[in-house]
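Please put together the full structure from these sequences, using the hints given.
Quick mapping for you: the protein sequence lines, in order, are chains A, B and C.
Just so we're aligned: the first sequence equals residues 1 to 388 in my numbering.
Just so we're aligned: the second sequence equals residues 1001 to 1401 in my numbering.
Just so we're aligned: the third sequence equals residues 2001 to 2306 in my numbering.
Rather than coming from a laboratory, the hints here were simulated on the basis of the structure.
It is possible that some hints are incorrect.
In the SDA-like style, the derived pairs of lysine to any residue whose C-alpha atoms are separated by at most 25 Å in a straight line are [as the list claims (entries may be wrong)]:
1. A/K327 with A/D241
2. C/K2171 with B/I1014
3. C/K2171 with B/A1039
4. C/K2171 with B/W1353
Covered by chain A, per the in silico footprint, the following chain C stretches (three or more residues, Cβ under 8 Å) [claimed, not checked]:
5. 2079 to 2089
6. 2093 to 2100
7. 2184 to 2198
8. 2239 to 2250
To list a few chain C residues with every Cβ distance to chain B over 12 Å, as calculated [as the list claims (entries may be wrong)]:
9. S2040
10. E2210
11. R2214
12. E2220
Even for Gly, the Cβ is constructed at its ideal location relative to N, Cα and C.
Each chain, written out:
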Amino acid sequence: MAIDDFEYPTDPQSIGQKLLRSGVTRRQFVEFCLKLMVVAPAGLALTGKADAADVAKAIAKARRPSVVWLHFQDCTGCTETLLRTSTPGLDELILDLISLDYHETLMAAAGDQAEEALQAAMKENAGKYVLVVEGSIPRKDNGVYLKIRGRTGLDILAEASKGAAAIVAIGSCASWGGVPSSGPNPTDAVGVTALVTDKPVVNLPGCPANPYILLATVLQYAVVGTLPALDELHRPLFAYDRVIHEHCPRRAHFDAGEFVRAFGDKGHRKGWCLYVMGCKGPVTHASCSTRHFNEVVDCWPIGIGAPCYGCTEKEVAFRVPMFDTVKPQHIVPPATYAPVFTPQGDASKIAIGLGGAVVGALLGGGLVASSKVGGPPADDGAPKSGKE
Amino acid sequence: MNSASRPAPVGGPIVTPTVVVAFALAALAVALIAWRAAAGLGATTAMNDGYPWGLWIAFDVVTGTALGCGGFAIALLVYILNQGRYHPMIRPAFLTSALGYSIAGFSVLLDLGRPWLTYKIPFFFWNWNGDSVLLEVALCIMGYSMVLWYEMSPAFLEGAAASSSPGLSRFAKKALPIVKKSMLWVTALGLLLPTMHQSSLGALLLLSGPRLHPLWNTPLLPLLFLLSCIVMGFGAVVVEGALSSRFLGRQAETAMLAGLGKAMLPVLGLYLVIRLADLAVRGQIGALFAFDLYGAMSVVELSLFVAAALLLSTDERRRDLGNLMRAALVLLFAGALYRFDVFLLAFQPGPHWSYFPSVTEILITVGLVAGEIGTYIVCVRAFPILAGHAATTRDLRGAAH
Amino acid sequence: MSISRRMALKVLAGTAGAMASAAISPPSCAAARGKHIKASEAGANAGMLYDATRCIGCKACMVACNEANDLVPDGHLSEDRWQSPLDLNERTKNIIKVYRNDTDGTFSFVKRQCMHCVDPACTSACMLGALAKREHGIVTYDAALCVGCRYCEMACPFGVPKFEWSKLAPKIVKCELCNHRIAEGKDPACTEVCPTHAVIYGTRDELLAEAHQRLEGQPERYVPHVYGEHEAGGTQVLYLASVEFDKLGLPACGDNAVPDRVRAVQDTVYQGFVTPFVLYGLLAGVMLRNRKAGGDDDSGPEEERS
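Here it is, written out as structure tokens:
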């Protein structure tokens, strides 16, 4: 990558200057941009460039987006994933890229102070901030099952969403309820899309969601000003357009019919396909197979020998039993399945010509001979022409 | 018995251009057969799992033995229908049949994947599958080939008896009476076996029933094969007689051949009636005019049989040797087409399979037939097979009534 | 002479008549032989049930089949990159094929292997019984009795037996229901590895009951028919599918066992091989009579006259 082409911009409000002040080297930043390109290789205006340095340039110029992060019924797993980078400093880098103005887990403030910070952030950036929601919102009994400072989650979300430019629901809980909503759903937990209809909502399901997807989405909004293209479940296509099965590192074993049949068996030790163990990869739309977690290679369920459990799918995770198999969708390489009827056997042109010639010679010779036998016998003892 | 109608060697040079060309083609076939033996069936033939039987079965075996039914047809006429005047045609007919059946047998060996186990077919009788039509065909054809050569043996023994080698001559003279004594029983077998296996060649495809085109898919296949093989046998005898008279300097036995032509008519008629009645009963007449390949081929096939019948319809037409030969040729083609249609066209392994014989298959078949013709010419020149130079007036009279 | 000719015609007519009557008579004689069983008597025979709606097309059965039968995988459709044969062939005893119709959106996998007919065409065709129904009603192959005539390929209505075209000592290749594994107390390889139990192994009766239970339980899921229950006189491998069976390459080949018809013809003509002997006697008799009556017509085999 052409690091030399990249300089931090001089605008003091820019992301670049903030990074410079935090001591992030240009190389570190360009490397990070490259990772973003990997997680969002296509379909995103932000990363759809030829070179990581170009991406870095675009991002560095932009103002840091103001982010307000709310927690509802959640395990904080999504936040933890964001923080659990194994490369020192990367978590700080990520936090430098955005202006995280309110985050209950990360902020030092507590009590009234925290509440004031929230109000201030919402006021200051009204109409501009990105609202990130983590966790599901209980609706039952007017939402009394989740209260912060005496206010229900329903109230807080309604207030915060009013001034937000866009809402990102991170994790499966915020997307459509997640674990809290699984049967019998005692609190009638729902995701953001069930409550907010007047603002664009991006769902980043996953349990947890991959933090790079959040960053790519938020930076895309900050830099380009648009939200990524979404599918019918509000998931960005750049990260959720294909199922794990299509790009699974163990796909060859599926195609070869090599399956793990018990944890710890020969196939499991050899890294065979986990389909029989209930892997939901064939129906799960996610990018886990290309972007692993925590900067560790193969750090994702299938990578460590556990079947995918379909966390990004509303109808799969916490709903389909863990070890049940699913019916694959999108049978991709049709060319390797023989159609029921396939043309076989062919005729060489030479053979057809020769066959025609032989039949023709027989017919012609026979007719000629038959016209000759009518005449006087060639009684010279020597045959003049061949028999038919 | 008039000495002139006695069989006698034609004489003349053995090596003639025809014979040379015939054996050159046969030599090419031998080379290709060697390649077939070395490279296997897949590399040398166009046969495949959809069409496991190709040209060698459809022509060499199924059509070839039908063409070789001259001996059967003439023997039927002479020995069973007691038409002794056709007697002079027996030996050449038997020779053609013997050669035809031998070629068929040889082609089967080429076609078989594991020919070295063929000996088990006649000898491992405890393994015989009573259900297998093919087993019956195989045993009959093996048996009939031997019967045919046995029937031919007097000709060769007579030739040997007249040879200059005293040992050979003595042996032949001793063997001849024994052979002749037993001939009636062998000849009866020679009538039984073709009746069985020629019909069974048709029965073979009954087992492919679900995959046979309805135009040909009838339980009467055996009967149709038997009737058509008899007319084809007659046809072969006529063609061979006409050609011998023209090219081997024999007296044209026109009257006798015309008589054969007349004898063919009822069989031909029976064939056509049964074929059409069968189509009508099975409600397939409409399929004849479906304007597809199958309808067209059936119509061509039937038209050829009808054309042959028309060519033979009057005494006047039958007395013209050229016309007679044309009729016989048309019959041979009709019968051959019928067999090809049943074995290769009507048989439908699926819309996705196709077959056309490879160059090697065609050249081997051509070479084998050429070799057969060459051998025939050499045999009739060297051994007493064809009747003498002049046909007797008695024979002519006998044939004309 | 006229008498003998009439006699001869009678013989011929008798033969033709026997054939004709055989052709139209019902194939009842086949069952009378006892050797050939009917579907109703094959309940305890080994078989398989393939449910196309459960199949995911993973081809585990193909891999397992090749391993169990020592077959070299055929990679025809993928330029030898992985096992992807075009059809059942000399290296493939079991194949998963796909049916897809993009206009109406129907889609189905189909597994093809030997159907193990209750009364098979191939065993009826085989001269020395190289292909024969042996233990558990499984159609197995004995190369020592095979001359390679390929009549079984001509006969099988399902196009199952395949021939080793590429070899110099070719054999017939077809599924033998892993009879070598069954002898060791194991299941057929394909049924053992199937991750969704789309293909299961059992006796024909058990499998039929299971198939009908599935049809009743989820009628909307299936074409309401168990393929193989009656087809070709009944097969021991049964099929359930959501797509019409002929589209899956499983032909509607009638409910009669394929050999019934040829047996009806052949049994009538060759009943206990009596007919040929009688015919031979008649032919010889006619010839003897002709020779004795002969005289002016020089009848009888020529060689006897000199």
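Confirm or reject the statement that C/E2210 sits farther than 12 Å, beta carbon to beta carbon, from all of chain B. For C/E2210, whose nearest Cβ neighbour in chain B is about 27 Å away, the distance exceeds 12 Å, so it holds.
Count residues of the segment 2239 to 2250 of chain C with a Cβ under 8 Å from any Cβ of chain A, then say if the count reaches three. Satisfied; 3 residues make the cut.
Can you confirm whether chain A covers the segment 2184 to 2198 of chain C, using C-beta to C-beta distances below 8 Å and requiring at least three such residues? holds (count 3)
Non-interface claim for C/R2214: all C-beta distances to chain B beyond 12 Å? Non-interface label stands for C/R2214: nearest chain B Cβ at 27 Å, farther than 12 Å.
Cβ contact check, 8 Å cutoff: the segment 2093 to 2100 of chain C against chain A, three residues minimum: The restraint on the segment 2093 to 2100 of chain C holds, since 6 of its residues have a Cβ under 8 Å from chain A and three suffice.
Check whether the Cα positions of C/K2171 and B/W1353 lie no farther apart than 25 Å. Since the Cα atoms of C/K2171 and B/W1353 sit roughly 21 Å apart, the hinted pair holds (cutoff 25 Å).
Keeping to a limit of 25 Å between CA atoms, is the pair of C/K2171 and B/A1039 held or broken? Given that 25 Å is the threshold and the Cα spacing comes to 15 Å, the pair holds.
Take the C-alpha atoms of C/K2171 and B/I1014, compute the straight-line distance between them, and say whether it is at most 25 Å. Outside the cut-off at roughly 44 Å; violated.
Say whether it holds or is violated: C/E2220 keeps its Cβ farther than 12 Å from all Cβ of chain B. holds (31 Å)
Coverage of the segment 2079 to 2089 of chain C by chain A (three or more Cβ within 8 Å): holds (count 6)
Least C-beta distance from C/S2040 to chain B larger than 12 Å: holds (21 Å)
Has the given pair, A/K327 with A/D241, been kept, meaning a C-alpha gap of at most 25 Å? holds (18 Å)
The structure shown violates just one earlier hint, number 2.
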